[in-house]
Every structure is written in C-alpha cells, then in structure tokens.
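Protein sequence lines, in the order shown, are assigned to chains B and H. Take 5 as the starting number for the first sequence in my numbering and just add one per residue. Take -14 as the starting number for the second sequence in my numbering and just add one per residue.
Hints were generated in silico from the structure; no laboratory data involved. As the structure is a prediction and not an experimental result, all values here were calculated from the model. Heads up, the beta-carbon is just placed ideally off N, CA and C, and yes, glycines get one too. Heads up, some of the hints might be wrong.
Claimed, not checked - Heads up, incomplete: computed chain H residues facing chain B, CB under 8 Å, no partners named:
1) Glu38
2) Ile39
3) Ser42
4) Val71
Claimed, not checked - Chain H side only, calculated, beta carbon under 10 Å to chain B, not exhaustive:
5) Arg9
6) Val40
7) Phe43
8) Arg68
9) Thr74
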Amino acid sequence: MTTLKTERLDIRSSDDVVRVRQLTRTMALAAGLGLVDQTKIITAASELARNTLDYGGGGFVLAELVEASARRGLRLTFEDKGPGIPDVEAAMKDGFTSGKGMGLGLGGAKRLSNEFSIHSQPGEGTKVVIARWK
Amino acid sequence: MDRIPILKFGNALLVTIQVDMHDRLATALEEDLTSKIVEHGAKGVLIDISALEIVDSFIGRMLDNIAAVSRILDAETVVVGMRPAVAITLVELGLSLAGVKTALNVERGMALIQARLKTSDEDDDDAED
Chain B
5 MTTLKTERLD IRSSDDVVRV RQLTRTMALA AGLGLVDQTK IITAASELAR
55 NTLDYGGGGF VLAELVEASA RRGLRLTFED KGPGIPDVEA AMKDGFTSGK
105 GMGLGLGGAK RLSNEFSIHS QPGEGTKVVI ARWK
Chain H
-14 MDRIPILKFG NALLVTIQVD MHDRLATALE EDLTSKIVEH GAKGVLIDIS
36 ALEIVDSFIG RMLDNIAAVS RILDAETVVV GMRPAVAITL VELGLSLAGV
86 KTALNVERGM ALIQARLKTS DEDDDDAED
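Just chain B, with the same shape it has in the complex (with noise of 0.2 Å):
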C-alpha cells in the first residue's frame, strides 16, 4: 500500500471538528469515492473526531490518500493522550456512553467503514483507525 497525500489536523475545538470533515470529504473526493461512500466516511469521521474532542480531551487525525493494487482508498487515523478506554468492547456497544451522546459513536464509525482498528490504553490515550475503499 502507497501513501499518495497525507495531511495532519489538531482536534481542539468544535470548529476542528467541522474542519475533519470538510478535510475528510477533499480527500474522499481525491480518492473517488462515490456519494453515499463520501457521506458514510464524512459522518464516521464526524464521530471520531467529537470522540477525540470530548472523552480525549483534544489530539489530531492523519488523513492519507491511499493505493493498494489500483484500488484507491482513504485513511484517517485519530489519536489523543486522553485517558483512555477501559472496555474496549463495551464501548463499542450501541448506546454506550459516559458523556452526552448517543452512544453510537464507535460503533456507527465501524459500521460506516470499511476497516477499522482501536488501541486503547488506560492512562495514556486511545488511536482509532479506519478507512473506506472505492
């Protein structure tokens, strides 16, 4: 896999957040991705990043514009120093939340993706990475 393009935002306020997804919907445009494709990534990257925001207490998303074998294809990683998830597997559950969401923010990011990976470790920050091909 080729790293074509890669740019880097802070998450700190909400405003960054709405600048993840107008950076997320350049590069989805980059990599082809078709409307509902485009919306889907959008709105994943949309509830990552408030993630980022409000339980890690701020950090940043790497964008990539990527290509395996003729097929492109966009990566976004967001990753924070916050305090970390205890249960992973918990929060990834519809409905949970400890803050004021809805709870479906990791599990409706995986769902609107086509890979998705989290590390989380208490005390020291969580790193979620997902993407979505053409």
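Place chain H on chain B using the hints.
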C-alpha cells in the same frame, strides 16, 4: 456567535440549515427554536436540511430533541429535504429518528403542518358546539 435564522411563516416557524453546523451552533438553534415557539405560539416547525451533506449522531440528537420539546409545547416538527445518501448513512449509523416527522420537501412538510392545524381547528369547533 453565529445564529441560524428562524423565519415565521403563518403559524409555523421555518428553519433552513445552510451551513455545516458546529456543535455549539446546533445547541443554540435548539434553544432559539424553543423560545420562538412560545413567543409566536407556533403550531409547527419546519426544518429544511437539504443543504446538509451529513447528519451525524449529534445533529440527529438535536433534531430528536427539537421534535420532543416542540411536541410538549404543542407544536409539530417536520424535517424536510434529507438527501438520500444522508438517509442511508443515518440508518447504518443506527439513528432512526423515530420521534421526528419527515417529508420530502418544504411544500409537503408545510402541507403536513397545515393538515394538523385544520384538524385541531375542527376539534376546537366541536368543543364549542
């Protein structure tokens, strides 16, 4: 801070969301709409989201809340103009917006609200007989 304009249209309030909303703007709209419903004695709230490229769980929750609060204040909320890709994504996300009435466009949404007003007028007439 920016605000989303709320227009009065007969007995109804009309909101057209034309910007990519950050969370504080969405929360402000919820509060503004609630006070406008009371101020104007509005019976219906029409929210046009045809310009929205995505509805995530935060905006979905805002729409649900507006519908619930306006119902308690005797006004009906109709969300109109949702893009097909947004509807597909919402369902996959796990949001069904069960408490929110929807219509394809402003015209049909307004017809829904007017139909409800007509029914409640007739009820009032019956009560007077």
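| message | Tell me if the interface restraint on Ile39/H is satisfied: Cβ within less than 8 Å of some Cβ in chain B. | response | Status holds, d = 5 Å.
| Does Arg68/H pass the interface hint, meaning its C-beta sits closer than 10 Å to a C-beta of chain B? | Because about 8 Å separates Arg68/H from the closest Cβ in chain B, which is inside the 10 Å limit, the hint holds.
| message | Interface hint check: Val71/H, Cβ to nearest Cβ on chain B, cutoff 8 Å. Holds or violated? | response | Status holds, d = 6 Å.
| Interface hint for Glu38/H, Cβ within 8 Å of any Cβ on chain B | This interface hint holds because 7 Å falls under the 8 Å limit.
| request: Would you check whether Ser42/H satisfies its interface hint, that is, whether its CB is within less than 8 Å of any CB in chain B? | output: Hint holds; Ser42/H Cβ to chain B Cβ min 5 Å, cut 8 Å.
| Was the hint right that Phe43/H lines chain B, CB cutoff 10 Å? | holds (6 Å)
| Was the hint right that Thr74/H lines chain B, CB cutoff 10 Å? | holds (5 Å)
| Status of the hint placing Val40/H at chain B (closest C-beta pair under 10 Å) | This hint holds: Val40/H lies near chain B, its Cβ roughly 8 Å from the closest one there, short of 10 Å.
| message | Hint Arg9/H vs chain B: min CB-CB distance below 10 Å? | response | Nearest chain B Cβ about 6 Å off; hint holds.
The structure shown violates none of the earlier numbered hints.
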